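Q: Here is what each chain is made of, one letter per residue.
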Amino acid sequence: MIERYLEQASTFAPDIDAVILLIAVLVGFWFFLSEAVFFWLIFKFKKKDGVKGEYVSGEEKSQKRWITVPHLLVLVCDVFIIVGAVRVWHDVKQVLPEPQATVRVIGQQWAWTFIHPGPDGQIDTADDITLIDEMHVQEGVVYHYQLESKDVLHNFSVPVFRLKQDAIPGRTITGWFEATRTGEYDIQCAEICGIGHGIMGARIFIESKEDHAAWMNGHAKPTSVATAR
Amino acid sequence: MAETIATPGAHDDHGHEHHDEGWVKKYLFSTDHKIIAMQYMFTGMAMAVIGGFFAYAFRMQLAFPGMEVPLWGVVTSAEYNSLVTNHGTIMIFWVAMPVLIAAFGNYLIPLMCGVDDMVFPRLNRLSYQIFFVSAVVLIWSFFVEGGGFGGAWTAYPPLSAKAEYSLTPSGASLWLIAVALEFVAFLMGGINFVTTAMNSRAKGMGIYDIPMVVWMIVIASILFMASVGPLIAGAVMLFFDQQLGTAFFDPAQGGDPILWQHLFWFFGHPEVYVVLLPAMGIVADVICVMGRKKLFAYRTVLFTAIGTGVLSFTVWAHHQFIAGIDPRMAHVFTITTLLISIPIAEMCFCYIATLYGGSLTLNTPMLWALSFIATFLIGGVTGIFLGASGADIYFHDTYFVLAHFHYTFFPIAIIGTFAGFTFWFPKMFGRMMNETLGKIHFWGTIIPFNLIFLPLFVLGAAGQHRRIYNYDNFPELALPWMQDLRILATLSLIVMLGFQLVFFYNCYVSLRRGKKAPANPWNANTLEWLAPSPPPHGNFGDKLPEVYRGPYEYNHPDRSEDFWPQHVPN
Amino acid sequence: MSARPIATTREMAGIPTGRLAVWWVIASEIVIFGGLLASYIMHRLANDAWSVQAANTNTWIGAFNTFVLLTSSLFAVLAHKAAVEGNGKKAARLLLYTAAGGTTFALVKAYEWSVEISHGYTLASNTFWSFYYTAAGLHALHVIAGVVIMLIIAREAARNLELHRVELIGIYWHFVDIVWIFLFPLLYIAK
Chain A
1 MIERYLEQAS TFAPDIDAVI LLIAVLVGFW FFLSEAVFFW LIFKFKKKDG VKGEYVSGEE
61 KSQKRWITVP HLLVLVCDVF IIVGAVRVWH DVKQVLPEPQ ATVRVIGQQW AWTFIHPGPD
121 GQIDTADDIT LIDEMHVQEG VVYHYQLESK DVLHNFSVPV FRLKQDAIPG RTITGWFEAT
181 RTGEYDIQCA EICGIGHGIM GARIFIESKE DHAAWMNGHA KPTSVATAR
Chain B
1 MAETIATPGA HDDHGHEHHD EGWVKKYLFS TDHKIIAMQY MFTGMAMAVI GGFFAYAFRM
61 QLAFPGMEVP LWGVVTSAEY NSLVTNHGTI MIFWVAMPVL IAAFGNYLIP LMCGVDDMVF
121 PRLNRLSYQI FFVSAVVLIW SFFVEGGGFG GAWTAYPPLS AKAEYSLTPS GASLWLIAVA
181 LEFVAFLMGG INFVTTAMNS RAKGMGIYDI PMVVWMIVIA SILFMASVGP LIAGAVMLFF
241 DQQLGTAFFD PAQGGDPILW QHLFWFFGHP EVYVVLLPAM GIVADVICVM GRKKLFAYRT
301 VLFTAIGTGV LSFTVWAHHQ FIAGIDPRMA HVFTITTLLI SIPIAEMCFC YIATLYGGSL
361 TLNTPMLWAL SFIATFLIGG VTGIFLGASG ADIYFHDTYF VLAHFHYTFF PIAIIGTFAG
421 FTFWFPKMFG RMMNETLGKI HFWGTIIPFN LIFLPLFVLG AAGQHRRIYN YDNFPELALP
481 WMQDLRILAT LSLIVMLGFQ LVFFYNCYVS LRRGKKAPAN PWNANTLEWL APSPPPHGNF
541 GDKLPEVYRG PYEYNHPDRS EDFWPQHVPN
Chain C
1 MSARPIATTR EMAGIPTGRL AVWWVIASEI VIFGGLLASY IMHRLANDAW SVQAANTNTW
61 IGAFNTFVLL TSSLFAVLAH KAAVEGNGKK AARLLLYTAA GGTTFALVKA YEWSVEISHG
121 YTLASNTFWS FYYTAAGLHA LHVIAGVVIM LIIAREAARN LELHRVELIG IYWHFVDIVW
181 IFLFPLLYIA K
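Protein chains in written order, with our numbering: chain A, 1 to 229; chain B, 1 to 570; chain C, 1 to 191.
What the hints contain is simulated information worked out from the structure, not anything from laboratory work.
All of these numbers come straight from a predicted model, not from anything done at the bench.
Using N, Cα and C, we set each Cβ at its ideal position, and we do this for glycine too.
Among the hints, erroneous ones may be present.
[Claimed, not checked] Think about it this way: if two alpha-carbon atoms lie no more than 25 Å apart in a straight line, the pair counts; the simulated SDA-like pairs of lysine to any residue are:
1) LYS439(B) - MET45(B)
2) LYS81(C) - TRP23(C)
3) LYS150(A) - MET45(B)
4) LYS150(A) - ILE258(B)
[What the hints assert, rightly or not] Counterexamples of contact, computed for chain B against chain A with all Cβ distances above 12 Å:
5) ALA63
6) PRO65
7) LEU71
8) ASN81
9) ALA252
10) ILE325
11) ILE335
12) GLY463
13) ASN520
14) PRO532
15) ASN570
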């Protein structure tokens, strides 16, 4: 469903889309069934001259069946949804695979700072590549991000990854992603952060191994600043 | 019984009614529950006009970024934030709460329980006065230096706690004071509602003879009382952070910003049910009367309402899945959140089942009540996407969330209110409403409503996130088809707001020239229809009614008439 | 003033309306204090460093105030007893003793705070002190409100009017007392 609007560019994007589809099918079924019954009852029992309404208390077992049976079926659907959602959550947010690289993402009013590891593959070393509003990652590599904020709450959202995480001042939150296709996509701040919230976007550049190496060589000096657009 | 002791006093009271009291005393400082109900109702409607106007201003900015919005001007990003923040705050705290709980609660509880007033009439008046002050403080906050608060209705710190971040030094504090005052007002009102319904019911009215709307308002009031406390404490703490330099929510000095989110949502989620339940109650009464049908499984509906209320205290962190809480907590809250769909689904099923075998009169109140069910179902099922942790990673903070809660709050606050208002209008004002105008208003509201929010579901699914004043800054959200949907939503909003004029015109015409309403125009069972329309001070005259049966005995096989009022002995 | 509505005289739930309402007031107060204290406890568990700050509270003053408040509650009980017996004068006198206890509590608190503030422990100096002043301050407001209401009720009770209210203020006063019983160990003893 979601992939019609946005490409899937991370390993877990298809999983999240699948959960959304599962929910859509299950609740869609119940929704259309309820609405169909509802409108059918309205048209069937519209007031007609000389026809009296019935007296149904709904308290008897034979009548209550009409509620309890669907209600148990809804419960079964709930279990499917819970299992699906919990499994995806577990993989995306709870258990982090071993990282092959780590980037630091820092939010502030109203820009993103990305600290990439340099050729030595480590951050917090002299060859770190620090960019504003521009993030470069390599396709097929498991990244950990360390998310921080300098002032208020922000939210690091990469829609094509189906990734969202609040950035909280005073904490470092670690998460992961692995990109599966190359391209240039949006990074958005998805938590209101003041009057500049509407301009707090950045771009992520997902590159093949060669392109990524080329980009890194172009930034041989420790720091460099670029703008998003 | 105590009643006989008090009867002489009651006579006294009726004597007073003929005294020529001043207009001010009668309408502004009255302790009569009906007058106070109307005060809440009209204050709420006035606030709804302001909230609707805000929606118009920011939707115009979204559809036509940078344009000079008629009646407003260019919407700056600071103004945009303030508009959306206060639109949300107003619609929930100054429209849904006062109209659904306070207005209908005040009007209906004494009348439906067969008594002459609330148990604490003066506390009731004080509650409205505090509420009025809170509304004034909120409006004041728009005009102070820096403008109104713009940190979203959830007011997450540190943004809300520090003027250097929010850039609204006084707006944020006034906003907070207004909200806190409003809570105090509703605590007082809630205690009054609960105590009145518990203690002052008519003789013979057992707990299963209480009309559903009274039950629902009582449950909602208890939910409010039990959930708002931590947020009141939180509001004090946030105020100290803003003005006195404390650091409860400031991580740089040992505070914790997530704490506010817990305090807020511990209240915020039950709050949804606080406003939902009264609307469900109104709808139950309307469909039973207009459907000439006994409510399907009264006790099940009642117990599921209570169950929903209890469960609603266990789900709050589903608003915070990706806010940095322990990821393992998400599992617990996913399960509780999905479980809450069970009682709510059961309630909706009971309502739908009530239609079976009925004789449905599709007049204006009934159309509103039925459309409540039809649209609320959309709000209900879309909530599942957001309560399921895995799916919420994507949907969090998108327009999907926004469309979801508008499909719950709009049916609750607007459709539910119109259902109740058109249904009890003859009782409140002694005149029938114009049906043709009522139906024009209905269709003119319900169709644009869906055209506003269905496109927003699509935009949300496409990743459009919230509280952005101009999407041109995000290439993935600036696509032409998305802009077309935004324009569609905005134009639909303008059409819907325009049709509200029909409602106000209808009120005016019906009050002036409407047909005089008899005491019981709908042939309904509940006690309020026994009192004259409109009920005088003291409601029922000298003799208060007694109750002999449940509220929904329509088309009873032992009776030739299709209704059987609660107060008729046999 | 017109006579009371019949609504105020009914007793369907079997509990007098006034008492029922006071219980609901207390129920909503419990969640207010509960939210505040739960926040405090969570913070405290996360901040070991607070014990350094907490060491500066004066346990003896706190203990004395606990004693004062408990004694005043005893007078509230005796006042209720007198009211039940219909002895308004005695009930009023005992209520005055209770109010005197509340006043003493507030005065001691004022002294205690002024000493602490003069030592530089203010509302904003540290999160512990923020909680300390907020929680104890909110409680002190309840004490002061209780004393004011008590004096009004005592004035009426002395004329044998509205004697049932003596019980209501008593219930409220016990609640204020119990909140302090939670605050005292949390703010003073835990070091």
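Q: Next step is simple, just say for each hint if it's right about the structure.
A: Evaluation of the provided hints:
For the hint pairing LYS439(B) with MET45(B), the CA-to-CA distance comes to about 20 Å; that is within 25 Å, so the pair holds. Annotation: proposed proximity of LYS81(C) to TRP23(C) holds, straight-line Cα distance about 19 Å (limit 25 Å). With a CA separation close to 42 Å, the supplied pair LYS150(A) and MET45(B) exceeds the 25 Å bound. With a C-alpha separation of about 16 Å, the suggested pair LYS150(A) and ILE258(B) falls inside the 25 Å cut-off, and the hint holds.
Every beta carbon of chain A lies more than 12 Å from that of ALA63(B), the smallest distance being close to 15 Å; the non-interface claim holds. Not every Cβ of chain A is farther than 12 Å from the Cβ of PRO65(B); the closest lies at roughly 10 Å, contradicting the non-interface assignment. For LEU71(B), the non-interface assignment is confirmed: its Cβ lies about 22 Å from the closest Cβ of chain A, beyond the 12 Å cut-off. With a least beta-carbon separation of about 6 Å from chain A, ASN81(B) fails to lie farther than 12 Å from that chain, contradicting its non-interface assignment.
For ALA252(B), the non-interface assignment is contradicted: its Cβ lies about 7 Å from the closest Cβ of chain A, within the 12 Å cut-off. Not every Cβ of chain A is farther than 12 Å from the Cβ of ILE325(B); the closest lies at roughly 9 Å, contradicting the non-interface assignment. With a closest Cβ-Cβ approach of about 6 Å to chain A, ILE335(B) is found to fall inside the 12 Å limit, against its non-interface label. At roughly 4 Å, the least C-beta separation between GLY463(B) and chain A is not larger than 12 Å, which violates its mark as non-interface.
For ASN520(B), the condition that its CB be more than 12 Å from all CB atoms of chain A holds, with the nearest at approximately 18 Å. No beta-carbon of chain A comes within 12 Å of the beta-carbon of PRO532(B); the shortest separation is about 27 Å. Look at ASN570(B): its CB is around 17 Å from the nearest CB on chain A, clear of 12 Å, so calling it non-interface holds up.
In this structure, the earlier hints numbered 3, 6, 8, 9, 10, 11 and 12 are contradicted, and the remaining ones agree with it.
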